[in-house]
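Residue numbers (this note's numbering), protein chains in the order written: chain A, 326 to 447; chain B, 318 to 571.
One or more hints might be untrue.
To be verified - Restricting the straight-line Cα-Cα distance to at most 20 Å, the calculated cross-link-like pairs of lysine to any residue (SDA-like) are:
#1 B/Lys321 / B/Lys350
#2 A/Lys357 / A/Leu446
#3 B/Lys467 / A/Lys357
#4 B/Lys467 / A/Leu401
#5 B/Lys467 / A/Leu446
#6 B/Lys531 / B/Ile542
#7 A/Lys427 / B/Asn421
Since the hints were derived computationally from the structure, they do not count as laboratory data.
Computed from a prediction, not measured in an experiment: that's the story for all the values here.
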Amino acid sequence: MSQKLKQNLYTRSKNLKITQKPVFNKLSTCAKSVYKIPDGKLLRISLDYNDKNKKILGLLITGDFFVYPEEAIEILEKKLVNTTLNGKILKDKISNVIIENKIEFIGLNVEGLVTGIMMCLK
Amino acid sequence: MKEKWRYLITENNSAAKNMAIDRAVLVANSEGKVPPTVRFYTWSPPAISIGYFQSLSEEIDLKKCKDFGVDYVRRITGGGAVFHDDELTYSIVIPESHPQIPKNIMESYGRICGAVIKGLKNQGIDSSYVPINDIVSEGRKISGNAQTRKLKTVLQHGTVLLDVDIEKMFSLLIVPNEKIRDKMISDVKQRVTSVKHILGNYVSFNDSVNAMKKGFEQEFNVRLIPGSLTDYELVLIDKFEKECFANPDWNHKR
Chain A
326 MSQKLKQNLY TRSKNLKITQ KPVFNKLSTC AKSVYKIPDG KLLRISLDYN DKNKKILGLL
386 ITGDFFVYPE EAIEILEKKL VNTTLNGKIL KDKISNVIIE NKIEFIGLNV EGLVTGIMMC
446 LK
Chain B
318 MKEKWRYLIT ENNSAAKNMA IDRAVLVANS EGKVPPTVRF YTWSPPAISI GYFQSLSEEI
378 DLKKCKDFGV DYVRRITGGG AVFHDDELTY SIVIPESHPQ IPKNIMESYG RICGAVIKGL
438 KNQGIDSSYV PINDIVSEGR KISGNAQTRK LKTVLQHGTV LLDVDIEKMF SLLIVPNEKI
498 RDKMISDVKQ RVTSVKHILG NYVSFNDSVN AMKKGFEQEF NVRLIPGSLT DYELVLIDKF
558 EKECFANPDW NHKR
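Isolated chain A, as found in the complex (with noise of 0.2 Å):
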């Protein structure tokens, strides 16, 4: 799995054209979780991070809810590169992003999205 996880991460560097390959190494940690947002959707994460530091290294938000515009998910997931696996640092962190980027989300929600970051850790 954790390979799986290595090389969709990297399949989609390649599709959003980031010239930085993510970053795989020994500190490197794969792990997924599944959530069901309530009143919303169910949320996947394929999240991959630095076990030292506690970055992310990359990350996977899949699931059958809905973002408008769709595309920015993928600017979400992005953006997100390098944010310290923390509940309140995510949050602020996705927060601004929703707002810079005029994402409006249904069926997910940036509580939802926090928790199933955070999920992957435990």
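Using the hints provided, position chain B relative to the given structure of chain A.
Frame of chain A, contents of chain B only:
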């Protein structure tokens, strides 16, 4: 005098072509080249469409799709995986600024689903809209819907189940393990219904389309005029099919 919208029926298209048509109509409408359009369509071969945000490998058993001859495609709309087999699929494309379309996305779901509800009523089926994107009858889901807004244009597409084979559906979708599969099939049987199940007899696609067409006319107080895809749309369809919906890079992107 009632406003005239275009009305299309396109049967038996591949998954990639169906999604390319919806996108082409959206682009053409956004450029003012075609009027608001309601389309009813079917899929051949049967297909699974996944929501824009879903992971193909997490949702679909690709080997079983190949074994059963079932196609697959990633939509430009969010939402969940849908097995398109014995169903009526609709799409509506209309400018965001059209007075019939609420600015609020959730309200616009409700409004467009209102047309589907009237279409079901015309077939003798009582149903209601259940946010976020479902229509239920007798407490069970009969229609799923998904909307996107691009180029200041609304595209909503959705399904009305004419009949449903839940065992086949679950053989194609990935579930965590066999024990859960049995439970999920049992749960879904309790949560999903079809026109055939409610009426006790099978209603053909053509009969259902007539009822749905009236439903859209009633809800939006318009006349749906039969039309066809324009040459411009046909060019766009070919482009979107090749570049996007029939392209593994698109379908496997997440």
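Exercise. Among all the numbered hints in the text so far, which are the ones the structure does not match?
Worked result: 3 and 5
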